[in-house]
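**Q** For the protein sequence lines, the chains are A and B, in the order given.
Anchor point for the first sequence: position 23 equals 23 in UniProt numbering, and the numbering is continuous, going up by one each time.
Anchor point for the second sequence: position 124 equals 124 in UniProt numbering, and the numbering is continuous, going up by one each time.
Heads up, a few of these hints could be off.
Identical chains share a label here; the pair holds if one copy fits it or two copies do between them.
The calculated lysine to any residue pairs, modelled on SDA-like cross-linking and capped at a C-alpha distance of 20 angstroms, are [as the list claims (entries may be wrong)]: (1) 3 - 131; (2) 308 - 41; (3) 92 - 217; (4) 105 - 229.
Derived from the structure by calculation, the hints contain no laboratory data.
Below, each chain spelled out in residue letters.
Protein chains: 2
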Amino acid sequence: MRKFNFCAGPAALPEPVLRQAQEELLDWQGLGCSVMEVSHRSPEFTQVAETAEQDLRDLLAIPANYKVLFLQGGATGQFSAIPWNLLGGGSKSADYIHTGQWADKAIKEASRYGQVNIVASSEDRNFSYTPAADSWQESDDAAYFHYTPNETIGGVEFPYIPEVKSPLVADMSSCILSQSIPVEKFGFIYAGAQKNIGPSGIAVGIVRDDLLDRALPGIPRSLNWKIAAAGGSMDNTPPTFAWYLSGLVFKWLKAQGGVAAMAELSEKKSALLYDFLDRSDFFSSPVAKDSRSRMNVPFVLADEKLDKLFLQESEAAGLLNLKGHRSVGGMRASLYNAVPLEAVEALVAFMADFEQRNG
Amino acid sequence: MRKFNFCAGPAALPEPVLRQAQEELLDWQGLGCSVMEVSHRSPEFTQVAETAEQDLRDLLAIPANYKVLFLQGGATGQFSAIPWNLLGGGSKSADYIHTGQWADKAIKEASRYGQVNIVASSEDRNFSYTPAADSWQESDDAAYFHYTPNETIGGVEFPYIPEVKSPLVADMSSCILSQSIPVEKFGFIYAGAQKNIGPSGIAVGIVRDDLLDRALPGIPRSLNWKIAAAGGSMDNTPPTFAWYLSGLVFKWLKAQGGVAAMAELSEKKSALLYDFLDRSDFFSSPVAKDSRSRMNVPFVLADEKLDKLFLQESEAAGLLNLKGHRSVGGMRASLYNAVPLEAVEALVAFMADFEQRNG
Numbered sequence: 001m002r003k004f005n006f007c008a009g010p011a012a013l014p015e016p017v018l019r020q021a022q023e024e025l026l027d028w029q030g031l032g033c034s035v036m037e038v039s040h041r042s043p044e045f046t047q048v049a050e051t052a053e054q055d056l057r058d059l060l061a062i063p064a065n066y067k068v069l070f071l072q073g074g075a076t077g078q079f080s081a082i083p084w085n086l087l088g089g090g091s092k093s094a095d096y097i098h099t100g101q102w103a104d105k106a107i108k109e110a111s112r113y114g115q116v117n118i119v120a121s122s123e124d125r126n127f128s129y130t131p132a133a134d135s136w137q138e139s140d141d142a143a144y145f146h147y148t149p150n151e152t153i154g155g156v157e158f159p160y161i162p163e164v165k166s167p168l169v170a171d172m173s174s175c176i177l178s179q180s181i182p183v184e185k186f187g188f189i190y191a192g193a194q195k196n197i198g199p200s201g202i203a204v205g206i207v208r209d210d211l212l213d214r215a216l217p218g219i220p221r222s223l224n225w226k227i228a229a230a231g232g233s234m235d236n237t238p239p240t241f242a243w244y245l246s247g248l249v250f251k252w253l254k255a256q257g258g259v260a261a262m263a264e265l266s267e268k269k270s271a272l273l274y275d276f277l278d279r280s281d282f283f284s285s286p287v288a289k290d291s292r293s294r295m296n297v298p299f300v301l302a303d304e305k306l307d308k309l310f311l312q313e314s315e316a317a318g319l320l321n322l323k324g325h326r327s328v329g330g331m332r333a334s335l336y337n338a339v340p341l342e343a344v345e346a347l348v349a350f351m352a353d354f355e356q357r358n359g
Numbered sequence: 001m002r003k004f005n006f007c008a009g010p011a012a013l014p015e016p017v018l019r020q021a022q023e024e025l026l027d028w029q030g031l032g033c034s035v036m037e038v039s040h041r042s043p044e045f046t047q048v049a050e051t052a053e054q055d056l057r058d059l060l061a062i063p064a065n066y067k068v069l070f071l072q073g074g075a076t077g078q079f080s081a082i083p084w085n086l087l088g089g090g091s092k093s094a095d096y097i098h099t100g101q102w103a104d105k106a107i108k109e110a111s112r113y114g115q116v117n118i119v120a121s122s123e124d125r126n127f128s129y130t131p132a133a134d135s136w137q138e139s140d141d142a143a144y145f146h147y148t149p150n151e152t153i154g155g156v157e158f159p160y161i162p163e164v165k166s167p168l169v170a171d172m173s174s175c176i177l178s179q180s181i182p183v184e185k186f187g188f189i190y191a192g193a194q195k196n197i198g199p200s201g202i203a204v205g206i207v208r209d210d211l212l213d214r215a216l217p218g219i220p221r222s223l224n225w226k227i228a229a230a231g232g233s234m235d236n237t238p239p240t241f242a243w244y245l246s247g248l249v250f251k252w253l254k255a256q257g258g259v260a261a262m263a264e265l266s267e268k269k270s271a272l273l274y275d276f277l278d279r280s281d282f283f284s285s286p287v288a289k290d291s292r293s294r295m296n297v298p299f300v301l302a303d304e305k306l307d308k309l310f311l312q313e314s315e316a317a318g319l320l321n322l323k324g325h326r327s328v329g330g331m332r333a334s335l336y337n338a339v340p341l342e343a344v345e346a347l348v349a350f351m352a353d354f355e356q357r358n359g
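Construct the entire structure; sequences and hints are all you get.
**A** As structure tokens, then:
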């Protein structure tokens, strides 16, 4: 029996997607083999790859002057790829906003290849808010400006798109496809798949094509966006099953009404949980109200000695993976696209009951 | 209906593995979700990861002073990783044997980071043989010695393990787990999974631990073996489904009798096909007899105008993916572990019939 899964990633996938994959796992398209067992250059897989790209282009209204890449190595691989691809065009410095653990990893890796300017940081209050735009110390000559629109661990989300001087680079791992975005305002968007796209092992990159000529000379081939773009993300064998599953998720998203429907749904789901947290005397959100993530909702119990009981009982109630990240503790409910409203309703009902019994 | 699949990669997987994956795709271990939908740090997935490593250690008798890595980016990613990890220990030069397209890619990437010495090449006869060991021009001070035990495209395989002065590095993508190997003779073994291990999107690395301190200073984090080893190949989210499936393949291999049984079977399968090719007046092998691959068997028809008919009829007969690599033409039958003897018997019977009708 399928349960409600609030895992931060690898996260819940849409059940119809998994059912289709299950049904055709041994014999795909009547070929007599699995989609995993065909060449990535076969006509059948080429169709999968191209359709997935087109569906993603449709979903996000990606302009024609942007390349869509399907990459390996996750967002972490892109933490390296970004400076390698963008610091060879003249400027050797980059602007970064520091909003938590994922921003920090991106900053640390970029610092190995160029000068990183920390435009703003929310470290002073344990990364529980997004620094106000009028406080940012932007450079005049940055090669790019990097930020993390949604911090998966801290549960902090920027409620707006930054207006900046240099090409805007965004790690959208945990918020991509949850709302419409003006792609044309970005230089590079990237996202590990395992939250809102598909299984782990594939990442999506969306890059404005004029940025493909700024790589540092020694860039490893596997990190090179230009090579990936020129080869249709098949310079070497891509993760075909993950690409196929991502394509099924894109089709499912379109059938649900696309990112507009997902935006509405994620507003509804997160509001339901935050409203409950704000009304509760027992549970609370550690995140500033104007920066609360629609995707990842951390919360704490008034008495942390009850954490273990909460996790035991919630799991027994069919509410999975509510434990907070090992580095911060507490609880976290991730509400990605594949998590239905009913899951959040069940969670809130459980929490209300738990509070009544233990509060 | 499942057909016989001779794809060079992504290649056939063992049917029992796919059946198990299918059965538990929506509800794994009674958790109420897929193996794709749990955290890579959950106790359940940790068990998958550790068991897969131990099974691979058992299968290949990997000594304790070797680390086993599960990596992203394929063997191509390792073409970069190898010089980055090994050229920072003093010597900035490396020895490479050039035996075909895959060796060439490894050489080209390494040449960007250090001095590559081509120890030997079989380019003079279109990469149809392995250069004799007594002809090699080995360096005295190489950081490592790289070779490709089996060239997937050319169908050329070294029938022995080279004895060399520097740490031996081998791209075993298309021959790993097809026979026992003396791991202790190697410094680093690597293999993309999509031939003899699992689906595409994961690669295995086996590295002698004293080689983990020779990285070039600017090595990208995602290519760093030491970081991968220290973090249990979970510095970032690994491709969990591919890792899980690889683990199922390892279990299946053990149940079949391990690599000894696979060695016997691959001898039998390849001998059946080569014997037929050598007896035939119509089909032939372009590869020198002492260097013929047990894994990838390229062959040509006496009249290439019949290639198309051969492919049409073989596919209709349930024999899939026999077309040779786009760069060389002709045919190729890949006989990896998951390809049963019956598949080769059916192929030979078909070819005999085709020859009788068209020869």
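**Q** A separate judgement is required for each hint: does it hold in the structure or not?
**A** Structure-based check of each hint:
no.: 1; hint: 3 - 131; verdict: neither (37 angstroms within a copy, 58 angstroms between copies)
no.: 2; hint: 308 - 41; verdict: between (50 angstroms within a copy, 18 angstroms between copies)
no.: 3; hint: 92 - 217; verdict: both (13 angstroms within a copy, 18 angstroms between copies)
no.: 4; hint: 105 - 229; verdict: between (25 angstroms within a copy, 18 angstroms between copies)
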